[in-house]
Amino acid sequence: MSHDTHHAPVACKTELAPERSDLGLYRPDRATGWTDWLTTVDHKKIGILYGAFAMLYFLIGGVEALAIRTQLARPDNDFVTARMYNQLFTMHGTTMIFLGVMPFSYAPLSGTFGANGQALRFTGVGTDFWIIGIQILGIASLAASFNFICTIINMRAKGMTMMRLPVFTWMTLVTAVLIILAFPAITVALIELMFDRSFGANFFNPSAGGQPVLWQHLFWIFGHPEVYILVLPAMGIVSEVLPTFTGKSLFGYPIIVFSGAVIGFLGFAVWSHHMFTTGLGPVPTAAFSLLTMAIAVPTGVKIFNWLGTIWGGRIRFTPPMVLALGFIWMFMCGGFSGVMHSSAPADSQQQDSYFVIAHFHYVLVGGVLLGLLSGLYFWFPKIFGRMPNAPLGYLGSALVILGFNLAFGPMHYLGLAGQPRRTHTYHAGNGWETWNLVATYGAYMLGIGIVIIFGNLAWTAFRGKKCGNDPWDGRTLEWSLPSPVPEYNFAQAPVIATRDAYFEHKHGSKKIGAESDGGEAGVHMPSQSWMPLLASTGFLFAGFGMPMMAMGVPHAGWVVIAGLAVLFLGIWLWALEGPGGYMLKTPAPSGAPAPAETAAH
Amino acid sequence: MSDTAAAHEAPTSTGIDHKKLIMWLFLASDCMFFGTLISTHLLYRKLFPAGFTDAEGHQRFIQDLFSIELTSFSTFILLMSSFLMALAVSAMHKGQIKSFRRNVLGVIIFGLIFLGCQVFEFTHFYHKGLTIQNSVLGSTFYVLTGTHGTHVAIGVLWLILLYFYSFTGKLGGHMGALDVEVAGLYWHFVDIVWIIIFTAVYLVEYLGPYGIWGSGLPAVVK
Ligand code: HEM
Ligand SMILES: [Cu+2]
Numbered sequence: 001m002s003h004d005t006h007h008a009p010v011a012c013k014t015e016l017a018p019e020r021s022d023l024g025l026y027r028p029d030r031a032t033g034w035t036d037w038l039t040t041v042d043h044k045k046i047g048i049l050y051g052a053f054a055m056l057y058f059l060i061g062g063v064e065a066l067a068i069r070t071q072l073a074r075p076d077n078d079f080v081t082a083r084m085y086n087q088l089f090t091m092h093g094t095t096m097i098f099l100g101v102m103p104f105s106y107a108p109l110s111g112t113f114g115a116n117g118q119a120l121r122f123t124g125v126g127t128d129f130w131i132i133g134i135q136i137l138g139i140a141s142l143a144a145s146f147n148f149i150c151t152i153i154n155m156r157a158k159g160m161t162m163m164r165l166p167v168f169t170w171m172t173l174v175t176a177v178l179i180i181l182a183f184p185a186i187t188v189a190l191i192e193l194m195f196d197r198s199f200g201a202n203f204f205n206p207s208a209g210g211q212p213v214l215w216q217h218l219f220w221i222f223g224h225p226e227v228y229i230l231v232l233p234a235m236g237i238v239s240e241v242l243p244t245f246t247g248k249s250l251f252g253y254p255i256i257v258f259s260g261a262v263i264g265f266l267g268f269a270v271w272s273h274h275m276f277t278t279g280l281g282p283v284p285t286a287a288f289s290l291l292t293m294a295i296a297v298p299t300g301v302k303i304f305n306w307l308g309t310i311w312g313g314r315i316r317f318t319p320p321m322v323l324a325l326g327f328i329w330m331f332m333c334g335g336f337s338g339v340m341h342s343s344a345p346a347d348s349q350q351q352d353s354y355f356v357i358a359h360f361h362y363v364l365v366g367g368v369l370l371g372l373l374s375g376l377y378f379w380f381p382k383i384f385g386r387m388p389n390a391p392l393g394y395l396g397s398a399l400v401i402l403g404f405n406l407a408f409g410p411m412h413y414l415g416l417a418g419q420p421r422r423t424h425t426y427h428a429g430n431g432w433e434t435w436n437l438v439a440t441y442g443a444y445m446l447g448i449g450i451v452i453i454f455g456n457l458a459w460t461a462f463r464g465k466k467c468g469n470d471p472w473d474g475r476t477l478e479w480s481l482p483s484p485v486p487e488y489n490f491a492q493a494p495v496i497a498t499r500d501a502y503f504e505h506k507h508g509s510k511k512i513g514a515e516s517d518g519g520e521a522g523v524h525m526p527s528q529s530w531m532p533l534l535a536s537t538g539f540l541f542a543g544f545g546m547p548m549m550a551m552g553v554p555h556a557g558w559v560v561i562a563g564l565a566v567l568f569l570g571i572w573l574w575a576l577e578g579p580g581g582y583m584l585k586t587p588a589p590s591g592a593p594a595p596a597e598t599a600a601h
Numbered sequence: 001m002s003d004t005a006a007a008h009e010a011p012t013s014t015g016i017d018h019k020k021l022i023m024w025l026f027l028a029s030d031c032m033f034f035g036t037l038i039s040t041h042l043l044y045r046k047l048f049p050a051g052f053t054d055a056e057g058h059q060r061f062i063q064d065l066f067s068i069e070l071t072s073f074s075t076f077i078l079l080m081s082s083f084l085m086a087l088a089v090s091a092m093h094k095g096q097i098k099s100f101r102r103n104v105l106g107v108i109i110f111g112l113i114f115l116g117c118q119v120f121e122f123t124h125f126y127h128k129g130l131t132i133q134n135s136v137l138g139s140t141f142y143v144l145t146g147t148h149g150t151h152v153a154i155g156v157l158w159l160i161l162l163y164f165y166s167f168t169g170k171l172g173g174h175m176g177a178l179d180v181e182v183a184g185l186y187w188h189f190v191d192i193v194w195i196i197i198f199t200a201v202y203l204v205e206y207l208g209p210y211g212i213w214g215s216g217l218p219a220v221v222k
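Chains as they are written, first to last, in the working numbering: chain A, 1 to 601; chain B, 1 to 222.
Next comes chain B alone, as it looks inside the complex (with noise of 0.2 Å):
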């Protein structure tokens, strides 16, 4: 396909290409989503401040868990990957092919990152004793978490198709940069998730002595 097939291409009635629009309206949907699983997560913070109880019977608190530098270090990849995707979309409507390739593997490898940050994570919160089901906490927070990590992975696997499909040659034209923008919604939407769930779940926890929730914590346990 050249460019020519974007004269071709019926125009819509408000202006916005339907792939487009569509993924709109994913997103307004996924950020109910998102909102749901965030919300049930933070009521169940403020109902049980206190975390956990591991596997000998001891009171964990969610702060012994968290490693902050980890996750920081992850979230500041995830958030250089949509600068990348940035890069890689325009570059797509410049028509500058190789950029393209150049940054969106990069966005790949970001994303491989932040997964792997990820794994890392969550076998080193179950080996401190943290199970989906030895507590609510447990179970939100994985159950969460766990949610945005597919939503990386399935961006990540996209991003990877499309890598591949720009060599096939058809990725082009208005089009293929259009394919590109969709998918970089997508990314980009991810990623602020991301800055929502890290603002929400880990950072708060820092806020005071025995984090935001501290307040309700019963005066035995502070």
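Chain A with its partners taken away, still in its complex shape (with noise of 0.2 Å):
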């Protein structure tokens, strides 16, 4: 410990009196309730906010959709007008990317799709906050970024060597690194927007010889690492959900965490494929189509990696299994079409038309959104100590993985005989209308599954049956902990001697061992803090008059001023406050950790 606290250890932290910080004011470190939410730093807690807004943003994201669908399912609707049509799709793609999938798969990070170079296309001050918007999530994903890869290559558990972390682990790290490479470059790109736009700067401006597909450039740089960034979470949480439920190690874990590693490298070379159509040339079309290409063979070995580990497996049908195997099947057939427009001359009969959106939602909702969802149902029990209920959680799946292909299986096809994108609606007599109204059923139905699920966790998280420690016969190290897991985590710091530590903790030979802290009774927890976020609602603040600034509103400096003073003024005052801490009593004084309730198989 880097520091003394000034009390024995306490079995909770109310039992302490209130304790005043190097600055003379109290900590909120014995708070429960609204408080201690707003200025917890329990990771696990912040996790759960995360999740919760989220699955919000996840509705609000999937009602757009909604909307869009319903004014897609007949020609020549005008369920909406052309107007709202456009605020709707782009409203969609950034909901769903910045503030569901982000957060979901462990930070906020920044939209891919929908902004296709669109940016420059449109007017107003909604474009300023959208820019500043993305920049303030782009600053929060580096600095988790920075974190979480800190957190992994350096405060693993003692025997917990790189080649022994969990899948999931190895690609939040991969992840984390494309998310510090890839972020400067719509970072730049942004600020030099921003310059055009608020200082009359000439980076996209054609008429002083700004060039625009600059802006395109630098968007797809950072656009296609980002489509990993998305979905390479995904790839870990299924390589964690079919092992346990097929009773067998992982094949081949070198070669996922390698292929996973090739991915992301690969990732930062493929950027032009979203740009065949803007003439690039004939050498660097060809050299971005093989790229692309060759950018499909570590994620097909992926694929046949999982399929080695289900292959003579005792495979149990679980929801989140379910979930899982929907993720191969659809994150392939989204492969499959990803492939067919690295061809150059394949793409440029596809780009901008229905084909495309079917690719991306075969990648993003069949792939993504099914892998956090079998994740999410997966550690359910772990984060609450409650089983969701599984008819409803069968159903919920089936719904949603029917739904899903009802609803963009045909785009395929849509795209195929014409039908372009971001076009708010279309003519009788192009043969469209059949399956454009078939899409929208199996949108409503993809929602109703959607619906269902959360629905059935937001009960369980509340209400559900209480469940033991290890439901799943889980084989990482989390199963080994109580739940919901206690704010310290690990009474004492284990030491691991295999992949799969606790499944070979129980069923093997070699065990889970303990590290001796010094005869310390109890952990070590960090204080709470209000700065956090006082600082976060300074740059909010700054954020919101940035553009307000462009726009001309009187006072708007002052604003972002103020909010810039009360950022740093956070930061400051929480580096004041000075280490603070109390140590929490730990139930098990010595030994291995407790293999909790393991008696259920």
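Calculated from the structure, these hints are not laboratory results. Note that the Cβ used here is the ideal one computed from N, Cα and C, for glycine as well. Some clues are possibly wrong.
Straight-line distance between alpha carbons at most 25 Å, and here's what the computed DMTMM-like set of lysine to aspartate or glutamate pairs gives [as the list claims (entries may be wrong)]: (1) A:511 / A:478; (2) B:170 / A:515; (3) B:19 / A:22; (4) B:20 / A:19; (5) A:506 / A:478; (6) A:158 / B:17; (7) A:585 / A:64; (8) B:19 / A:577; (9) B:170 / A:19.
Simulated coverage check for chain A against chain B, where a stretch passes if three residues somewhere in it have a Cβ under 8 Å from a Cβ of chain B [stated by the list, open to error]: (10) 46–55; (11) 185–198.
Build the complex: two chains, separate frames, hints provided.
Pasting the structure below:
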């Protein structure tokens, strides 16, 4: 421990008298309820907050999607105006990626599609807010990524070598590396755009020689790694779920890890496949075509490894397993259409048509969303100590998978039959009517499935049946902990001797050891603080003030200055608060972590 | 905090301190950041080697603008500041707080001189007719060098904070040396980036009669 606390270990923080920080103010350390949630530094609580917000935004993005599909259900429909339609699909993409998928897979990130070179075509101040919004999320993601990488490579338990890490952790690591290397490109692009819009610079201004195509390049240099940023965590989740429910260890662990890293690496070398139709010239077009085809190889390798994992296993079709199997299948279909438009001549037919919509929904919904839902359901009993209702779980998963295929399968056909994307309506007589109607029905079915899954989880969180600590016969360390996981995580730092450590501990000969920590009775807990909240509020105000300044709102400059001042004040005061912290008593004073309730099997 | 604090600090899996690791990660990210800005500038230089048109409508070359003597001087100053920074870090490791303060003060002053040169340069260029609005060159040049200047300014502020913090007596031991070392990493990085900018933005413009981009100049302008 880097410093001493004045207290003997306690069983619960509320037993301690309130304590002042170096600033002389009381720390919100002993708080419970709202104050506790607003000032928490417990990553598990922060995760729950992220998850709850992500679900909310998923629902909002879903309503936007259903409005789009309702409009497209019939030819010449006027359910929404063309203007409204534009706003709907832009907001749908942004909401889903930024606020739905990203917080889910781990931290807020930023939008990929729907913004394909589009920001340049936007007018009005909406764009300025959009720019600042992405910048804020970008900075937040960068900070989170530094933290993740540092945690993963620097704070591993004893014996947890890199090649013993759970694959989910590995994929998180690769994702975080992608984020820190890909985000600067979009940050610079947005800064340049901001200078163009607010200060009359000419980065993308054609009348002064600026090149709008530069925006597209910068956007996709970030944008393609971003699609892997989205999908790698889902791949990691599936690599945890499959072994658990087949009772086998992951087939070809080193190859899965290696292909994940290769995907991350190649992800930086294929961005121009989004720009084949801008006329890159024959050599770059050929090169980017080849590289795009090449990136399908490590992706295919992973699919074969997952199949190898299932092969010969004793499969238990639990809801998370159903979703994970759905992931493999649907993601593979998305990969197939991806390889199809890696061929530039084919892509020039497909670009901006519904075929591309089908492709990226197969990878994003069929892939990322199914993977995330699987993980959510899988770890839910660990987070809340309660087991979601299984029949509802099956029903929701089935509706999601079926509805999804009904909604997006026909879009392949519609795209090849010429239906353009981002168009608010179409005339009858093109042969598009039937499949558009089917797609709309499918979308509603998907929506109902999502509501059932979320509803089931929300209900379970408060009322669900209590379950043991290891309901799935889990393989990794977290299943050895009580559910919900106590604030201090591990009472004793574990010592690991193998991959799938907990499974081996239960069924094999290699037991999990415990590190003796010099006889200290308890775990040191960090102090809570109001300052991060203060700093982020300042950040938000500064973010809102900047586009307002560009709009010429009077005194908006002061809002920015005040916001930045509050931001720095928050960070500064946080640093001045001093270390603080307290000791929490832990139950098992010695020996290996109690293999809690392994009697389940 | 005393040196015993170091012994209490939990060892990391890789042996690299968390703070230092995070700084390295940030610098990796910042590399991509500057890389993108520098590429933007160079791409546009290749496209528009002829420079810019000033307020009177005269075609101006970038070499008309640059005062390479001044920029070489400020580059030299920044290099020397890195040297002082290295001395400050080593002093901190040896626990020589007085020597640390002297050296860090030197870094701060050199950093301020560099910033002063940049402010002078910007106003000078502005009066010669290069603005952010009147050409792509203006946009890329000011945004690139301005971003670098902002990095230097942040570094100077950070060092000023460390300097004053050292008087509270809390900057000491292993952790104190680490704090200084991390600031030093940042400072050296910003310095290296400047060397690259100085080469790619300034020096190459002097290769050949019309700079390295000159071969792309339309015949009339030549
Ligand atoms: C891994 C998950 C993947 C995601 C999340 C993803 C996402 C996307 C998105 C959002 C677009 C739309 C671009 C636009 O706005 O026009 C797109 C297009 C594209 N994707 Fe994927 N993709 C993935 C995998 C793949 C794979 C495996 C390949 C090829 C092997 C691929 C190749 C392409 C190509 C070539 C395009 C350009 C299509 C066009 O614009 O005409 N993608 N992808
Ligand atoms: Cu791509």
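Quiz prompt | Hints breached by this structure | solution = 2, 4, 7, 10
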